[in-house]
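Student: The chain contents come next:
Protein chains: 2
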Amino acid sequence: MTKRTSILIVGAGAIGSFYGAILKRAGCQVDTVLRSDFEVVKEKGICIISPLGDLSYQPDHVYRDGDTPESTPDYLILCVKVLPGANRAELVKPWMGQNTCLVLIENGLDIERELAEAFPDNPIISCLAFIAASRSEPGVVEHKAHGKLVMGSYPKGIDGNCQTLSVLFVDGGIKVDLTEAVVGERWRKCLWNTPFNPLSVIANGADTRTILDTEGGEELIRVMIREVMTVAAAEGYLMDESLIDQNIEGTRKMPAYKNSMALDYINGRPIERDAVLGNVVAIAQRHGIPIPHLNTVLVTLKMRAKLEGRD
Amino acid sequence: MTKRTSILIVGAGAIGSFYGAILKRAGCQVDTVLRSDFEVVKEKGICIISPLGDLSYQPDHVYRDGDTPESTPDYLILCVKVLPGANRAELVKPWMGQNTCLVLIENGLDIERELAEAFPDNPIISCLAFIAASRSEPGVVEHKAHGKLVMGSYPKGIDGNCQTLSVLFVDGGIKVDLTEAVVGERWRKCLWNTPFNPLSVIANGADTRTILDTEGGEELIRVMIREVMTVAAAEGYLMDESLIDQNIEGTRKMPAYKNSMALDYINGRPIERDAVLGNVVAIAQRHGIPIPHLNTVLVTLKMRAKLEGRD
Chain A
5 MTKRTSILIV GAGAIGSFYG AILKRAGCQV DTVLRSDFEV VKEKGICIIS PLGDLSYQPD
65 HVYRDGDTPE STPDYLILCV KVLPGANRAE LVKPWMGQNT CLVLIENGLD IERELAEAFP
125 DNPIISCLAF IAASRSEPGV VEHKAHGKLV MGSYPKGIDG NCQTLSVLFV DGGIKVDLTE
185 AVVGERWRKC LWNTPFNPLS VIANGADTRT ILDTEGGEEL IRVMIREVMT VAAAEGYLMD
245 ESLIDQNIEG TRKMPAYKNS MALDYINGRP IERDAVLGNV VAIAQRHGIP IPHLNTVLVT
305 LKMRAKLEGR D
Chain B
5 MTKRTSILIV GAGAIGSFYG AILKRAGCQV DTVLRSDFEV VKEKGICIIS PLGDLSYQPD
65 HVYRDGDTPE STPDYLILCV KVLPGANRAE LVKPWMGQNT CLVLIENGLD IERELAEAFP
125 DNPIISCLAF IAASRSEPGV VEHKAHGKLV MGSYPKGIDG NCQTLSVLFV DGGIKVDLTE
185 AVVGERWRKC LWNTPFNPLS VIANGADTRT ILDTEGGEEL IRVMIREVMT VAAAEGYLMD
245 ESLIDQNIEG TRKMPAYKNS MALDYINGRP IERDAVLGNV VAIAQRHGIP IPHLNTVLVT
305 LKMRAKLEGR D
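These protein sequence lines map, in sequence, to chains A and B. Residues in the first sequence are numbered consecutively from 5, following this note's numbering. Residues in the second sequence are numbered consecutively from 5, following this note's numbering.
Because the hints were derived from the structure by calculation, they are not lab data. Don't take each hint at face value.
No copy labels: a pair is met if it fits in one copy or bridges any two.
Stated by the list, open to error - Using 27 Å as the maximum straight-line C-alpha spacing, the simulated BS3-like pairs for lysine-lysine come out as follows:
#1 Lys160 / Lys179
#2 Lys148 / Lys193
#3 Lys257 / Lys310
#4 Lys160 / Lys85
#5 Lys310 / Lys262
#6 Lys97 / Lys7
#7 Lys7 / Lys85
#8 Lys179 / Lys193
Generate coordinates for the entire structure from the input sequences, incorporating the hints supplied.
Tutor: See the structure below:
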């Protein structure tokens with residue numbers, strides 16, 4: 005009998021808890037590192053309300069920041085928000101083994117680099133989650149829809165670790181798209197996130213419909229998408245012009261929608277400003293590409309943060 | 005004995021009340037049209053706390069919107085905020101005589117046009133007030149500093165009405181700069197107001213120091229000033245590049261300062277968005293001049309207004 009694959013989820017919020025459940029269902033050993041929900045999960049496990057059925061589970065080990073792990077995992081899955089000042093390399097360091105594969109299920113662009121630099125000898129898998137899920141109370145996650153992962157080795161390719169993990173996710177019941185160019189997929193997702201998320205914050209929590217129906221709003225979104233595309237192209241990720249129309253039309257077909265950054269802002273939580281926008285602007289500046297619209301939004305968000313003492 | 009010059013102040017807030025006091029002191033008949041402060045002023049007059057001395061006065065007539073005037077004034081001084089949906093031509097119409105000279109002491113750019121179109125046969129004087137004053141309670145104005153008016157006939161020149169009125173203001177104790185090109189002076193003032201005022205609102209009421217000290221903030225202000233200059237130049241008002249440095253350095257020398265639009269925003273009052281920014285963007289678009297930074301700020305302000313049901 006082969007040893008079960010061991011998984012450690014660092015940052016078991018809605019996303020981490022859900023994908024942990026999927027891997028648990030696939031027969032893995034699933035441990036978690038928790039902060040605020042530690043006591044509840046230790047006692048009662050993680051409850052997941054999902055259209056996929058009952059996914060509730062008791063992690064094999066429930067750790068807290070600062071604990072000493074019994075062993076290092078095959079895969080460390082990192083699901084924390086990417087915030088300025090949060091040192092993710094320090095966060096995972098105590099849990100990383102020599103052969104641990106580091107898996108990121110996180111939003112944004114150029115978010116792998118600091119980890120690749122900190123752990124140059126460990127394989128890294130980068131994932132994008134297409135899912136609607138939220139933590140309704142400590143230890144309880146509501147999975148509303150979707151769940152697909154787009155996954156590839158970082159910076160590119162699909163290595164054996166990536167294939168193995170993808171099979172486990174599929175066994176657990178979700179769809180996985182493997183990609184040779186996961187960074188390109190991040191750029192593709194940012195075509196939407198980079199304009200819509202920060203604009204919704206600047207507009208004090210506006211939904212997609214409000215943004216697009218404001219006089220000049222759709223035009224502003226289009227020109228911001230175009231700026232992101234120009235930066236992506238300079239990085240070697242060419243995207244078709246038609247994606248602009250597709251993003252606009254796709255959004256118009258959805259009901260009015262408040263994205264996760266808008267919800268974070270409304271609820272007084274920190275926003276993933278740099279992962280979604282600041283890093284795109286920084287890359288543009290390295291290439292000398294003018295991105296006046298993106299930059300205006302970024303600087304105004306920084307002014308707010310400064311006013312609120314957060315920058 | 006010649007008839008006293010008659011003045012009617014429409015919109016006697018801090019600015020209107022103050023300049024009414026100056027003209028009262030110069031010996032004019034000064035009437036006011038009031039809304040919320042009508043009862044208080046009718047009974048107690050207007051109290052003005054000022055470094056210039058006791059400027060408190062009882063207007064010769066205190067009118068209310070809808071009243072029938074006893075006579076039409078020589079000068080109607082309009083001091084209301086320039087807000088979308090506020091029809092200023094309708095507001096002054098009942099009080100305008102055939103020979104009444106219409107005087108605007110208001111902020112913004114291209115704010116004379118709708119009045120010039122409504123009253124093509126009346127002379128119009130356009131003024132910029134450089135003053136720190138606020139209404140501390142009904143009928144009470146605190147004049148803190150300054151008070152200079154820059155004044156000229158609209159659209160240009162200095163006619164006899166303008167000369168006469170300027171002499172009265174000087175007699176009353178303030179400094180007046182007469183200008184042959186008052187629209188150019190508006191552009192010059194907008195070099196500061198058009199970037200700083202809306203940015204302070206977008207940044208939730210940030211002061212000048214916060215705006216300039218944010219990473220990328222000074223650079224954003226500079227590029228927005230440059231955009232305003234380019235539009236001004238297309239309208240025939242060439243301004244020297246050195247004004248960019250002058251505006252930045254002048255602002256850095258001041259203590260941290262919340263401009264009037266920031267205060268309006270913080271206090272939940274409507275903001276003069278179009279007078280200060282929207283009209284500049286509209287003129288740029290007529291000329292086909294790209295103003296990406298100004299436009300991004302304008303559209304995001306519109307998104308907010310839409311979200312709040314104000315647009």
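Student: Now look at each hint and say whether the structure bears it out.
Tutor: Hint check results:
{"no.": "1", "hint": "Lys160 / Lys179", "verdict": "within (20 Å within a copy, 70 Å between copies)"}
{"no.": "2", "hint": "Lys148 / Lys193", "verdict": "within (20 Å within a copy, 53 Å between copies)"}
{"no.": "3", "hint": "Lys257 / Lys310", "verdict": "between (36 Å within a copy, 20 Å between copies)"}
{"no.": "4", "hint": "Lys160 / Lys85", "verdict": "within (23 Å within a copy, 58 Å between copies)"}
{"no.": "5", "hint": "Lys310 / Lys262", "verdict": "both (24 Å within a copy, 15 Å between copies)"}
{"no.": "6", "hint": "Lys97 / Lys7", "verdict": "within (24 Å within a copy, 88 Å between copies)"}
{"no.": "7", "hint": "Lys7 / Lys85", "verdict": "neither (31 Å within a copy, 75 Å between copies)"}
{"no.": "8", "hint": "Lys179 / Lys193", "verdict": "within (17 Å within a copy, 59 Å between copies)"}
Hint check: a violation occurs at hint 7 only; the rest are consistent with the structure.
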